[in-house]
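Novice: All the letters of the sequence shown, read from the start, carry residue numbers 1 to 187 under the numbering used here.
Hints listed in this document are in silico derivations from the structure and should not be mistaken for laboratory results.
Accuracy of the hints is not assured; some may be wrong.
Label-pair distances were calculated between CB atoms; the ranges are [stated by the list, open to error]:
| id | residue 1 | residue 2 | range |
| --- | --- | --- | --- |
| 1 | 127 | 84 | 34 to 44 Å |
| 2 | 47 | 124 | 17 to 27 Å |
| 3 | 144 | 39 | 22 to 32 Å |
| 4 | 168 | 104 | 16 to 26 Å |
Here a beta-carbon is modelled for each residue, glycine too, at the ideal position from N, C-alpha and C.
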Amino acid sequence: MDDNDVLDRCLAGGFVDFHHPSFRLVDQIVQDNAKILAELNTGYRSPAEIRTMLGEITGKRIPESASVALPFRSDFGRHITIGERAFVNADCFFVDLGGITIDDDALIAPRVTILSVNHDPDPIARRSVITAGVHIGRNAWIGAGATICPGVTVGENAVVGAGSVVTKDVAPNTVVGGIPAKHLRDL
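Please model the complete structure; the sequences and the hints are all you need to start from.
Specialist: Have a look at this one:
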């Protein structure tokens, strides 16, 4: 497995062995991005500076119409995609090795955690990870303090209530809430 293969494998979902030699690339990206995040979250940054630094972290252009408030945290960074006019509020944490896509016009409230990685419950396999991408649909709204678990898709125009833990897909045009999040109503 070469360097690009390990990144593709992480995005494809499934078991990823931390001990494989190609995983060194992931470790290097984590360390490089930790430096950028430390600088990003220290002192005032203009919106343009934030977008530029996030572009360095993700390896992708962050749209000028998108907005990310500080502090912002990520454990990997390279597998985050942020759409046009998307808004990510302060103190969000993205665990993105498995991929996190935030579509156009999505709103992410403060202190939201989005996870695309989990561990195997088997004690022998627990040191490696299982990746599963997260997709936040167009114009979805994730309430403050919510947690979105690996593999979840939040549909277009959906609303996730504050403090919810979302373990299953959220249908478009619905409101969910609670722990675990359950359907509350249609929009």
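Novice: Taking the CB of residue 47 and the CB of residue 124, does the distance hold inside 17 to 27 Å?
Specialist: violated, 47 Å
Novice: Falls inside 16 to 26 Å, the C-beta gap from residue 168 to residue 104?
Specialist: holds, 24 Å
Novice: So does residue 144 sit 22 to 32 Å from residue 39, Cβ to Cβ?
Specialist: holds, 26 Å
Novice: Per the hint of 34 to 44 Å, is the separation of the Cβ atoms of residue 127 and residue 84 within bounds?
Specialist: With a Cβ separation near 39 Å, residue 127 and residue 84 satisfy 34 to 44 Å, so the hint holds.
Consistency with the previously given hints fails for number 2 only.
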